[in-house]
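Colleague: Those sequence lines, one after another, are chains W and G.
Heads up: the first sequence at position 398 corresponds to 398 in UniProt numbering, and the numbers run straight through without jumps.
Heads up: the second sequence at position 353 corresponds to 353 in UniProt numbering, and the numbers run straight through without jumps.
Keep in mind the hints are simulated off the structure, nothing from the lab.
Each hint should be verified, as a subset may be incorrect.
Treat identical chains as interchangeable: a pair holds within one or across any two.
Below, a list of computed lysine to any residue pairs in the SDA-like style, where the Cα atoms sit at most 20 Å apart [said to hold, decoys possible]: (1) LYS440 with ASP240; (2) LYS76 with PHE110; (3) LYS86 with ALA344; (4) LYS440 with SER202; (5) LYS86 with PRO272; (6) LYS312 with ARG269; (7) LYS144 with GLY348; (8) LYS154 with ALA136.
2 protein chains.
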Amino acid sequence: MRLPISLLAAALAAFLPSLAVAQTGLDADDLDTAAALREQALRGSAAWAVVESLTTEVGPRLAGTEADARAVAWAKAKFEAMGFDKVYLEPVSFPVWRRGHERAEVVGPFAQPLAITALGGSIGTGGRPLEAEVVAFADLAALKAAPEGSLAGKIAYVGYRIERHRDGHGYSPGSTIRASGASEAARKGAAGLLIRSVGTDSDRLPHTGVMRYAADVAPIPAAALSNPDADQVERLLRRDQPLTVRLDIEAGTQGEYVSHNVIGEIRGRELPDEVVTIGGHLDSWDLGTGAIDDASGVGITMAAGALIGELKRAPRRTVRVIAYANEEQGLFGGKAYAAARLAAGEVGAHQIGAESDFGAGKIYALRAGVDPAAWPVIAQIGEVLAPLGIATEPGVGSAGPDVGPIVALGAPWAQLAQDGSDYFDYHHTANDTLDKVDAKALDQQVAAYAVLAYLAAETTVDFGQLPVKPAAP
Amino acid sequence: MRLPISLLAAALAAFLPSLAVAQTGLDADDLDTAAALREQALRGSAAWAVVESLTTEVGPRLAGTEADARAVAWAKAKFEAMGFDKVYLEPVSFPVWRRGHERAEVVGPFAQPLAITALGGSIGTGGRPLEAEVVAFADLAALKAAPEGSLAGKIAYVGYRIERHRDGHGYSPGSTIRASGASEAARKGAAGLLIRSVGTDSDRLPHTGVMRYAADVAPIPAAALSNPDADQVERLLRRDQPLTVRLDIEAGTQGEYVSHNVIGEIRGRELPDEVVTIGGHLDSWDLGTGAIDDASGVGITMAAGALIGELKRAPRRTVRVIAYANEEQGLFGGKAYAAARLAAGEVGAHQIGAESDFGAGKIYALRAGVDPAAWPVIAQIGEVLAPLGIATEPGVGSAGPDVGPIVALGAPWAQLAQDGSDYFDYHHTANDTLDKVDAKALDQQVAAYAVLAYLAAETTVDFGQLPVKPAAP
Numbered sequence: 001m002r003l004p005i006s007l008l009a010a011a012l013a014a015f016l017p018s019l020a021v022a023q024t025g026l027d028a029d030d031l032d033t034a035a036a037l038r039e040q041a042l043r044g045s046a047a048w049a050v051v052e053s054l055t056t057e058v059g060p061r062l063a064g065t066e067a068d069a070r071a072v073a074w075a076k077a078k079f080e081a082m083g084f085d086k087v088y089l090e091p092v093s094f095p096v097w098r099r100g101h102e103r104a105e106v107v108g109p110f111a112q113p114l115a116i117t118a119l120g121g122s123i124g125t126g127g128r129p130l131e132a133e134v135v136a137f138a139d140l141a142a143l144k145a146a147p148e149g150s151l152a153g154k155i156a157y158v159g160y161r162i163e164r165h166r167d168g169h170g171y172s173p174g175s176t177i178r179a180s181g182a183s184e185a186a187r188k189g190a191a192g193l194l195i196r197s198v199g200t201d202s203d204r205l206p207h208t209g210v211m212r213y214a215a216d217v218a219p220i221p222a223a224a225l226s227n228p229d230a231d232q233v234e235r236l237l238r239r240d241q242p243l244t245v246r247l248d249i250e251a252g253t254q255g256e257y258v259s260h261n262v263i264g265e266i267r268g269r270e271l272p273d274e275v276v277t278i279g280g281h282l283d284s285w286d287l288g289t290g291a292i293d294d295a296s297g298v299g300i301t302m303a304a305g306a307l308i309g310e311l312k313r314a315p316r317r318t319v320r321v322i323a324y325a326n327e328e329q330g331l332f333g334g335k336a337y338a339a340a341r342l343a344a345g346e347v348g349a350h351q352i353g354a355e356s357d358f359g360a361g362k363i364y365a366l367r368a369g370v371d372p373a374a375w376p377v378i379a380q381i382g383e384v385l386a387p388l389g390i391a392t393e394p395g396v397g398s399a400g401p402d403v404g405p406i407v408a409l410g411a412p413w414a415q416l417a418q419d420g421s422d423y424f425d426y427h428h429t430a431n432d433t434l435d436k437v438d439a440k441a442l443d444q445q446v447a448a449y450a451v452l453a454y455l456a457a458e459t460t461v462d463f464g465q466l467p468v469k470p471a472a473p
Numbered sequence: 001m002r003l004p005i006s007l008l009a010a011a012l013a014a015f016l017p018s019l020a021v022a023q024t025g026l027d028a029d030d031l032d033t034a035a036a037l038r039e040q041a042l043r044g045s046a047a048w049a050v051v052e053s054l055t056t057e058v059g060p061r062l063a064g065t066e067a068d069a070r071a072v073a074w075a076k077a078k079f080e081a082m083g084f085d086k087v088y089l090e091p092v093s094f095p096v097w098r099r100g101h102e103r104a105e106v107v108g109p110f111a112q113p114l115a116i117t118a119l120g121g122s123i124g125t126g127g128r129p130l131e132a133e134v135v136a137f138a139d140l141a142a143l144k145a146a147p148e149g150s151l152a153g154k155i156a157y158v159g160y161r162i163e164r165h166r167d168g169h170g171y172s173p174g175s176t177i178r179a180s181g182a183s184e185a186a187r188k189g190a191a192g193l194l195i196r197s198v199g200t201d202s203d204r205l206p207h208t209g210v211m212r213y214a215a216d217v218a219p220i221p222a223a224a225l226s227n228p229d230a231d232q233v234e235r236l237l238r239r240d241q242p243l244t245v246r247l248d249i250e251a252g253t254q255g256e257y258v259s260h261n262v263i264g265e266i267r268g269r270e271l272p273d274e275v276v277t278i279g280g281h282l283d284s285w286d287l288g289t290g291a292i293d294d295a296s297g298v299g300i301t302m303a304a305g306a307l308i309g310e311l312k313r314a315p316r317r318t319v320r321v322i323a324y325a326n327e328e329q330g331l332f333g334g335k336a337y338a339a340a341r342l343a344a345g346e347v348g349a350h351q352i353g354a355e356s357d358f359g360a361g362k363i364y365a366l367r368a369g370v371d372p373a374a375w376p377v378i379a380q381i382g383e384v385l386a387p388l389g390i391a392t393e394p395g396v397g398s399a400g401p402d403v404g405p406i407v408a409l410g411a412p413w414a415q416l417a418q419d420g421s422d423y424f425d426y427h428h429t430a431n432d433t434l435d436k437v438d439a440k441a442l443d444q445q446v447a448a449y450a451v452l453a454y455l456a457a458e459t460t461v462d463f464g465q466l467p468v469k470p471a472a473p
């Protein structure tokens with residue numbers, strides 16, 4: 001996942017604790033149905049089995065690999081087996097990045113191997129090792145402040161350590177270093193970049209994640225050290241003698257691949273062309289099996305949609321569950337989805353978009369970006385979610401990464417904020433595996449997504465449209 | 001470390017809480033000195049700095065590598081810098097085992113990589129991958145019960161999961177599988193062995209450790225899966241179709257290497273030829289930096305010896321701190337030490353041998369194997385240790401792995417039992433790094449070793465000799 005980039009701009013008016021049908025467009029039967037969905041999910045949902053299936057049978061599924069195609073086939077078959085009314089694929093194109101071998105070692109008197117992993121999008125070392133002195137910086141500002149040319153032929157190391165927070169806000173400065181550090185280092189003449197892993201753990205398992213080269217720099221290889229290895233590099237640098245590291249990385253981007261967003265729908269009974277979307281991303285990084293990032297999101301939202309599909313009476317609007325392609329390398333699935341809706345004139349049909357992409361921890365807050373006139377519906381949904389330990393938080397939050405592109409076109413959104421306290425222990429590492437996922441926590445999330453999607457699809461209230469944001473550069 | 005293989009046979013007589021000088025050979029000044037050592041260590045010892053130095057400057061130090069030689073030079077210099085009276089090396093020979101590359105992957109419809117590491121002593125796959133069907137066994141008994149020839153051409157997988165206990169007793173059955181599983185599998189015709197890691201963690205970091213081939217079998221490659229990968233293999237096997245795995249391992253034993261036990265002594269003031277030994281092992285596995293296994297033991301006992309060396313008046317007997325060579329691959333250092341003492345007729349000079357080789361967790365018990373007449377001394381030492389949260393436990397315990405060989409020759413021993421609750425989370429993995437070591441916990445251990453070594457060296461009581469054990473086959 002990526003961090004929130006927008007907050008709901010307007011503070012929202014206070015609402016009455018007892019909500020009228022006229023304001024919420026929901027009657028007592030609707031609320032009973034939502035509560036029943038909630039309780040059914042808590043008794044045991046399909047989410048864990050879905051996560052188990054994806055992570056076991058497909059395993060790692062780096063976008064653009066043969067496993068990507070297996071994941072798409074898996075998702076289509078899973079939607080069908082779970083009784084969705086309509087299952088279809090939409091193409092998503094992107095450049096193909098591949099990781100080959102990757103090795104690093106200290107050379108000289110303190111010779112020893114270092115655990116690294118190339119950042120997604122990085123080039124390699126050009127078929128031979130890069131051996132160079134390491135120059136350390138505390139953070140991106142320090143790197144930017146280095147004199148022009150001062151890193152000529154050196155390996156820049158940025159040791160910024162992210163903080164652990166429930167809402168994950170410590171991640172943002174780390175991910176910025178990961179994304180732009182190589183370009184900043186290259187501007188100073190560096191031959192390579194090493195960063196401390198953008199993670200809160202202390203395991204010898206480095207965190208990958210996407211990076212990009214600015215147009216004005218010659219690419220240099222970029223990799224993350226595991227946190228213990230970053231500690232080690234910092235200790236070695238305190239030995240007051242030059243630290244030379246040898247990097248041998250095989251990686252690069254070549255060619256284009258067409259993957260697919262995989263979509264399953266529960267058709268609305270009255271307004272089938274109006275949609276509430278929930279989903280997660282189908283791809284993962286290659287190091288782990290993508291259990292928390294993001295098989296959990298796929299499993300939670302598939303299970304929630306399937307529960308709604310089992311109702312005797314479908315909700316008014318269509319519930320669309322989306323397994324997005326290639327989120328990790330640049331939100332390609334979310335962008336393609338939004339672009340296709342824009343081309344088809346369907347953006348206005350989007351009543352609410354929500355996404356699960358922050359691991360497998362329990363949900364603690366409901367947030368939303370909707371027309372202020374529709375806030376009573378959100379408040380009503382919040383009342384049904386309250387027994388799950390979920391607070392309704394007006395005026396804060398953001399859409400998820402893959403929902404972001406259609407929200408930028410004006411679509412309303414909801415966020416079910418998860419406890420991400422341990423998310424960055426495993427995120428983008430080999431340790432992102434099924435054992436990190438708790439089935440009961442998934443059930444709580446399925447309950448929340450089922451309630452949200454059902455009531456948002458059932459209400460007669462329109463969630464409106466948000467201001468259109470200018471496209472990112 | 002390896003687990004206790006012997007227990008003190010005789011239950012020891014109860015002792016009076018108030019101990020007479022005649023029984024303990026220790027006067028009030030001696031006890032004051034011991035208490036002062038304890039308090040000084042608790043205020044901050046040298047142990048963490050020693051561990052930091054060894055793990056940072058030498059890093060991984062697999063026996064027989066160039067890092068082994070660096071570790072020996074490091075230990076000699078460190079003893080000298082810490083003011084030991086006499087520092088010397090004793091040769092230790094052993095065969096050289098080397099790890100090259102190691103890769104494993106599931107082939108077929110669920111293709112994905114698996115995290116493995118070759119067991120120490122294993123052969124490789126002969127320069128080309130071994131691709132074979134996996135046959136699973138719950139434990140060693142199940143493997144032994146397989147019909148002759150039933151594993152022809154297959155890879156045997158043993159899924160035994162060790163239990164977490166403070167005293168580490170869950171390790172023993174797992175280490176037995178690791179040591180002898182390949183021979184058992186080979187007897188059934190298997191082409192390779194995979195085991196679940198002998199560890200209590202859930203990280204994608206497999207646990208290595210020593211194995212041996214029985215004389216009557218043709219060697220087959222043997223490796224451990226990380227625990228999450230073992231889970232994955234077990235899930236894949238439940239898919240009710242054959243599971244084929246490709247192993248590509250480069251490893252083997254060739255040639256002989258001469259390393260050294262590195263010894264530092266604080267010379268006794270009255271009986272310099274009588275010795276109390278404490279120590280840890282200098283070598284480590286290659287995957288981590290051997291911080292808990294066993295830089296901690298080296299650091300704790302070096303720091304304890306150095307504290308005793310700083311006393312205005314040395315204890316009666318010599319305190320000998322031993323950094324043993326190549327414990328990991330077969331207690332070579334401990335065996336060489338015992339053999340040299342036997343050859344020199346010095347076994348009887350050993351009053352007490354103790355060893356720190358169970359990580360960096362706090363000490364909770366004092367145990368000993370001594371002549372029953374000397375038990376009051378142990379009880380007295382226990383009284384000085386009690387403020388450290390250490391209980392005296394008569395009639396139980398065992399010598400450490402490297403002390404074992406000289407104990408088998410009759411030397412008395414003491415054990416300072418550590419809390420190993422998390423030891424097998426990191427043991428023999430890449431995760432055995434300095435960040436797993438707590439400086440305050442080390443200080444508690446330094447306090448305990450300093451008290452034990454000082455009082456055992458100071459007492460006028462003789463600890464006697466134990467029954468000689470027959471040599472292991």
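Colleague: Of all the hints given earlier, name the ones this structure violates by number, lowest first.
Modeller: Of the numbered hints given earlier, those the structure breaks are 1, 7, listed in rising order.
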